[in-house]
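Sequence lines, in order, name chains A and B.
Residue 88 is where the first sequence starts when you use the working numbering, and the numbers rise one by one after that.
Residue 14 is where the second sequence starts when you use the working numbering, and the numbers rise one by one after that.
Hints may contain errors.
As the list claims (entries may be wrong) - The calculated lysine to any residue pairs, modelled on SDA-like cross-linking and capped at a C-alpha distance of 20 angstroms, are:
#: 1; chain 1: B; residue 1: K95; chain 2: B; residue 2: S191
#: 2; chain 1: B; residue 1: K233; chain 2: A; residue 2: E457
#: 3; chain 1: A; residue 1: K399; chain 2: A; residue 2: A454
#: 4; chain 1: B; residue 1: K184; chain 2: B; residue 2: V198
#: 5; chain 1: A; residue 1: K288; chain 2: A; residue 2: E307
#: 6; chain 1: B; residue 1: K216; chain 2: A; residue 2: R377
#: 7; chain 1: B; residue 1: K226; chain 2: A; residue 2: D425
#: 8; chain 1: A; residue 1: K366; chain 2: B; residue 2: D208
#: 9; chain 1: A; residue 1: K308; chain 2: A; residue 2: R414
#: 10; chain 1: B; residue 1: K95; chain 2: B; residue 2: G110
#: 11; chain 1: B; residue 1: K61; chain 2: A; residue 2: R228
#: 12; chain 1: A; residue 1: K308; chain 2: B; residue 2: V198
Stated by the list, open to error - Some chain B residues well away from chain A (every beta-carbon gap over 12 angstroms; in silico):
#: 13; residue: E111
#: 14; residue: D132
#: 15; residue: P166
#: 16; residue: D167
#: 17; residue: I182
It is worth saying that the hints were derived from the structure and are not from the lab.
We treat Cβ as the ideally placed atom computed from N, Cα and C, and that holds for glycine.
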Amino acid sequence: MTSPRNRESLSRRRFLGAAGMAGAGLAASASGARAGAPDPLITEVQDWNRYLGEGVDKRPYGMPSRHEKHVMRRDVSWLTASPESSVNFTPLHELDGIITPSGLCFERHHGGIADIEPANHRLMIHGLVEKPLVFTMEDIRRMPRQNRVYFLECAANSGMEWRGAQLNGCQFTHGMVHNVMYTGVPLKALLEEAGVKPTAKWLMLEGADSSGMNRSLPLEKALGDVLIAFAMNGEALRPEQGYPLRAVIPGWEGNLWVKWLRRIEVGDKPWMAREETSKYTDLLADGRSRRFTFIMDAKSVVTNPSPQAPLKHKGRNVLSGLAWSGRGTIKRVDVTLDGGKNWQSARIDGPVLDKSLTRFYVDFDWAGQELLIQSRAMDSTGYVQPTKDELRKVRGVNSIYHNNGIQTWLVRANGETENVEIA
Amino acid sequence: MSRSPKLALLAGFAALAVVAAGPLIAQPQKQAQPKPVPHAASQPAHAKLNLGRPALPEEIKAWDIDVRPDGMGLPPGKGTVKQGDEIFQTQCASCHGEFGQGNGRWPVLAGGQGSLTSDRPEKTIGSFWPDLSTVYDYIRRAMPYGNAQSLSPDEIYGLTAYLLYLNDIVKDEEFELSDKNFTSVKLPNASTFYDDDRETTEKAFWGKEPCMKDCKAEVKITGRAAVLDVTPDSKTAPKVD
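Bound-form chain A, shown alone (with noise of 0.2 angstroms):
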C-alpha cells in the first residue's frame, strides 16, 4: 500500500515546515486522494461496487450506519449513585442541523425507564376543575394535535463547569440538551375539557415512573405553549423520552417535561415538590437560594472542533454550533477565534425557530495557529450570552444549575482541542 504522506509533494512540505507544525496528531493523514499516486479506491473495484449488498427485508426499522457506532450517548459514572436515577450526554459534536436523532436525545430518569403500555396509560386531570377526567391515549390522539420543535435542557446543563472547566467534550459540557419536534396536544385543550376554576394558579405535573417525577406549573404558562406530547421526530416517544406521554413546556429547565405524564393536578398553590425546592433551586453566593427559575437563558457552544473533535486539517475548515434561548429566537452569534480579541457574527443556517436549536457556522482558513474559540448567543428580547466570569460574578459558584457561561476551547497547533477558561 502507498503511503500518502510519502508522496506529498514539496511544496506542501514547506508549507507545513513554515507553519511549524509540532505534533503528529494532524499530520497530513486525513484523506487517500492526495495527488501523485492513483487511489485505489478509485483504481480498483470494491466489493461494495460489485457484490449485492443487503436486501429491503434486512432493516425493518432502519439503524444507523456500523461505521457510526461510536456515535452515542455518553454517561459520567462518577457523577451518581445509580444508572437508574442518573443522566447521560448528547453527542453534540457529531450531530449537524437542528434536529437531534431520537436515539442520541440525551436522558435522566429518577426511577430508570417506565415501561408502558399505551393501552394500559392513563391521564388524569382532577383538583380546582368543574369535571375531574381520565383520558386514555386513544381520547389523546383524537384531539386536534400541533407540530412544534423546540429544545429541551436540563437545569444542570454544564452544571460541573461552575468552579472551573471540568470536561474535555461538548458532549460533557453542552450535551444535556436536545431539539426535536413534538407532536401533540395543547395542554389548554385537556384544561379546558375538564374546566379550569376560577381559583386555580398552579398545576402539578405527575410522571407514572417509578419516581412519581412531580412539577408544579403556573397555570398561565400551562395555557400557553404547553403541549401533551405522544411523538417526536414523527414517531411515537422513545421509551426513555416519556412514552406514551409527555409534557412538553417549551424554553423551561427539562425538569419540568415530566415524562410518562400520567396526573395533572390543579391547584391555587404551588406543591413545593422536592424537585422544585432540594434540587433545581439556584444556591447563591449569600446563601439563599432562588426557586422557579424555570427559563433557560440564552445559550450557545461551537460543537465542532471541541475536544471530541479536533481539528484535522489546515487550510479550510468548518467551525459549526449551537445556539438556543428559552426566552425566543436567537437573533446573532458571534464567534472569536482569538480568545475574545475580535470577534465576527457567525453564519447562521437552517430554521430560526422560537425556543429552538438554531444553527450557526463560521467558515474559515487554518494557517495552524494556536486558537481560543468562542460563541455568544444573543435572543430575540436583546439578551446577550454572559461570560462564566460574568455569571460568578452575581451568582457564586454554587448554584449547580442554569450555567449559560461563555465556553472557551483551546485548540493546539496539532489540532488537538480542550476545555480552558481564559481572562
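Dock chain B against chain A, hints included.
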C-alpha cells in the same frame, strides 16, 4: 454492588397490589370531592370535544398522593422518632446511612447546617430544604428506591419524624409526628428561598452592544479541564452492537 431496595422489588409488586385493592384512606384536608358527574347527554358548556371520561372518586384517591406545605394531601396517621428509626434502618440506611450521612454518592439527609455559603455546601433536609411536606411527599411517591409507594402513612410519619430528629429539629425520641401537628413543624432554611428575579438582578445581561474589534489586549489561560482529568475515556464507553 448490592442494593437492598432492588432485592425488595418482587415483594414491592405484591405490596402495591394490596395498596391498590385495599380500603381507601380518607383525606380530610384535600379539596372537596368532585360532584356527581352530569349525565352524558348534558355536557357542561366547557366540554369542547367531549373526550375523556369522568374520573371516579376512588380513582382520584388512589393516585392523589401529593402533599403540600399547607398540609393539603396529608393522610391521617402518626409515627414517632423511635418507630421511624426502626423503619429507617431496614428500609433506608443501606443507601442513606444509619444516621442519614449517605453511603457513597447516595444522598446525605442530615447535617450540613451552616454550610450553604461554604465551598462545599451540604444540602440536607435540615440545612437546605424549605418545607417538611416535601419530605413526606417524596418518601410517599418515590421511596424506598426501587420499591416506591410501599410504605404506610404511619411509617412515613415515623420516618419523617426520625429525619427531623437526625437534623436536630426535634430532640425527643418520643416525638410523634401526625397529620394534626405536621404543619406546625418549620424547617430552619425556609426563609432563604425567593422567586426568580433574574430579569431585574441580571438586567445588565440585556441590551448590550458587545465589542467586536480589539476588545482586549491580552488573553491568558486561567484553567484547564485536562488538569482535573475526570472526563470519561471514550475508549471505555459502552459498546453498541
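Verification of the hints:
1. K95/B x S191/B: 14 angstroms, holds
2. K233/B x E457/A: Judged against 20 angstroms, a Cα distance of about 12 angstroms means the pair holds.
3. K399/A x A454/A: 12 angstroms, holds
4. K184/B x V198/B: 13 angstroms, holds
5. K288/A x E307/A: 8 angstroms, holds
6. K216/B x R377/A: 16 angstroms, holds
7. K226/B x D425/A: Status holds; Cα separation ~11 angstroms.
8. K366/A x D208/B: 14 angstroms, holds
9. K308/A x R414/A: 13 angstroms, holds
10. K95/B x G110/B: Roughly 16 angstroms between the alpha carbons, so the hint for K95/B and G110/B holds.
11. K61/B x R228/A: Measuring from Cα to Cα gives roughly 15 angstroms; hence the hint holds.
12. K308/A x V198/B: Violated, because 32 angstroms separates the two Cα atoms, which is more than 20 angstroms.
13. E111: Given a closest Cβ separation of 17 angstroms, the condition holds.
14. D132: 8 angstroms, violated
15. P166: Holds, since 16 angstroms exceeds 12 angstroms.
16. D167: Holds, because the least Cβ-Cβ distance between D167/B and chain A comes to about 20 angstroms, which exceeds 12 angstroms.
17. I182: 15 angstroms, holds
Violated hints, in rising order: 12 and 14; the structure is consistent with all others.
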